Amino acid sequence: MAKAMQTPSGLAAPRGASAKESAVTAFVRDTAAVAEIEIRKLGRDPIELFTRAIQPTLWLLVFGQVFGRMKAIPTGNLSYLTFMVPGILAQSVLFIAIFYGISVIWERDLGILQKLLVTPAARTSLVLGKALSAGVRGLSQGIIIYLLALLLSVPIRLEVGPIVAVFGFIILGSALFSTFSLAVACLVKTRERFMGIGQVLTMPLFFASNAIYPLSVMPAWLRALAKINPLSYQVDALRALMVEGGQSIFGLGTDLTVQLVVLAAFVLLTAKLYPNVVR
Amino acid sequence: MAISPDHNAKQEAIGRIDAPDSKNSPSALPAIETLSLTRRFGALTAVNELSLFVPPGCIFGLLGPNGAGKTTTIKMLTTILPPSAGTARVAGFDIVRDTVGVRRNIGYVSQMISADGALTGYENLLLFARLYGIERQLRRERVAEALRFMGLEDAAKTLVRNYSGGMIRRLEIAQSMMHHPRVLFLDEPTVGLDPVARHAVWEHLRGLRNNFGTTILMTTHDMEEADELCETIAIMHLSQAVAVGSPSALKGQVGPEADLDDVFVHFAGGSIEYGEGYADTVRARRTARRLG
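Listed in order, the protein sequences are those of chains A and B. Under our numbering, the letters of the first sequence match residues 64 to 342, in that order. Under our numbering, the letters of the second sequence match residues 36 to 327, in that order.
One thing to keep in mind: the hints can contain errors.
[What the hints assert, rightly or not] Label pairs and their calculated CB-CB ranges:
1) B:230 to A:231: 50 to 58 Å
2) B:75 to A:286: 42 to 50 Å
3) A:104 to B:179: 18 to 26 Å
4) B:294 to A:87: 50 to 58 Å
5) A:259 to B:194: 30 to 38 Å
Calculated from the structure, these hints are not laboratory results. Remember, predicted model here, so these are calculated numbers, not experimental data. We treat Cβ as the ideally placed atom computed from N, Cα and C, and that holds for glycine.
Using the sequences provided together with the hints, build the complete structure.
Laid out in structure tokens, this is it:
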């Protein structure tokens with residue numbers, strides 16, 4: 064009897080957990096647990112999301128209007144403002160996600176991270192859970208930009224399918240850039256250094272993309288950079304799905320695949336770096 | 036239920052754990068065993084050839100000046116930091132080869148205020164119940180048990196930022212016990228608490244050990260706490276354990292009238308600070324400020 068209750072090393076059942084539970088089930092559960100908690104916190108303190116609306120509003124109202132009148136940038140059959148709206152949405156997603164990594168430094172300083180790291184949850188769940196909650200922050204930006212675009216009479220595709228797809232891409236893009244941000248935070252470890260690096264990263268990522276001008280007008284070196292910049296694939300997908308007459312240059316399948324692969328790579332990398340923050 | 040008393044069976048049982056919910060199982064296996072455990076950071080040796088033995092159900096105190104290596108030791112035993120040399124087993128699992136086995140069987144309470152102030156007590160517990168893999172049917176029960184055990188039932192729906200320091204600490208202990216860990220690690224559990232809250236935490240820790248057979252390893256700078264709570268203490272100094280024994284035995288070694296402060300000074304040689312001192316001090320003060 065006593066012997067029968069012993070389990071071999073490595074297969075030992077965790078207390079209170081089923082021994083048969085698969086790694087996948089545990090991964091999904093833990094990821095959902097982390098994401099849900101972050102979303103609950105966000106729901107209780109949404110002020111930040113509204114202040115975040117100011118910057119895209121300025122870009123569309125000021126920059127978009129002026130450049131639209133100049134007709135300096137060839138945007139094919141789209142007006143410049145129409146061309147720019149998906150770019151500004153992608154920019155908002157980038158800006159809101161790229162500073163997300165600071166939360167891991169906060170959590171380190173509060174001792175929350177140490178506690179999460181000593182649970183049996185996979186590091187990849189901890190990272191992806193946070194990344195998905197960043198996706199919800201990104202969605203708030205999506206809603207704001209849709210409203211702004213309607214106010215500015217930009218021809219928006221108001222169909223359920225494309226809107227759902229846009230929201231899907233927003234979650235994907237936010238998760239991707241927030242995971243990148245978490246990786247950076249794991250490397251630099253302090254708030255001051257992180258804020259400095261965050262500032263340094265955002266503008267090059269934004270300008271080396273097709274957000275506010277098309278690939279076709281770029282010099283070759285910039286176009287080469289833009290093509291390895293995941294933000295370009297985010298913009299490309301949003302442009303095809305969000306506005307009337309918008310077209311994808313890379314193809315939506317490529318946009319999706321590139322971002323998924325980069326996200327997966329960043330999740331694995333960040334999971335590896337995660338314990339660094341507390342060492 | 037318990038492991039067979041047969042000697043060979045015990046030998047076999049090394050590296051295994053017994054049935055998931057056995058409480059107080061009289062096992063001779065150490066809860067924590069370290070063998071020449073060493074951690075270096077570049078030229079600095081934070082922990083040097085530490086060999087400790089903590090029997091199951093023991094409340095074990097790790098004392099020593101800042102920078103003596105207490106925190107590094109806990110980081111290694113909780114699998115956050117790999118050792119540079121040596122080995123250790125926690126709850127029967129190797130801290131390097133079977134990190135997940137270790138993590139399933141331990142709880143950890145940070146010195147810092149680690150409960151999330153933006154969540155309710157209940158939500159704080161639910162998150163950890165899920166991360167510890169407690170089955171859905173059992174989750175509610177375990178959360179309720181932990182709340183009851185730590186005397187927090189009435190505060191379950193309150194945001195933690197409105198808790199007192201003592202309540203936060205009790206919630207953090209509740210978070211770390213829902214999966215009935217065999218070993219609980221606490222980093223200065225009562226730093227910054229008022230005397231009433233401090234005694235309440237002590238009572239709860241004793242209760243945990245008595246009810247669940249939990250082995251407790253804690254660090255502390257509070258000699259009264261070590262004397263009151265710990266059955267065995269180890270004094271670390273310059274990255275090594277310089278004295279191990281019961282508080283009374285150590286006092287006896289120093290002198291007939293000695294208290295634990297004298298023991299500390301005798302073995303750790305005053306209050307010379309090394310290495311991590313600054314960071315430790317900043318953290319302790321920040322915690323104290325937020326609690327106080």
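Right, here's what the structure says about each hint:
no.: 1; hint: B:230 to A:231: 50 to 58 Å; result: holds, 56 Å
no.: 2; hint: B:75 to A:286: 42 to 50 Å; result: holds, 48 Å
no.: 3; hint: A:104 to B:179: 18 to 26 Å; result: holds, 23 Å
no.: 4; hint: B:294 to A:87: 50 to 58 Å; result: holds, 56 Å
no.: 5; hint: A:259 to B:194: 30 to 38 Å; result: holds, 33 Å
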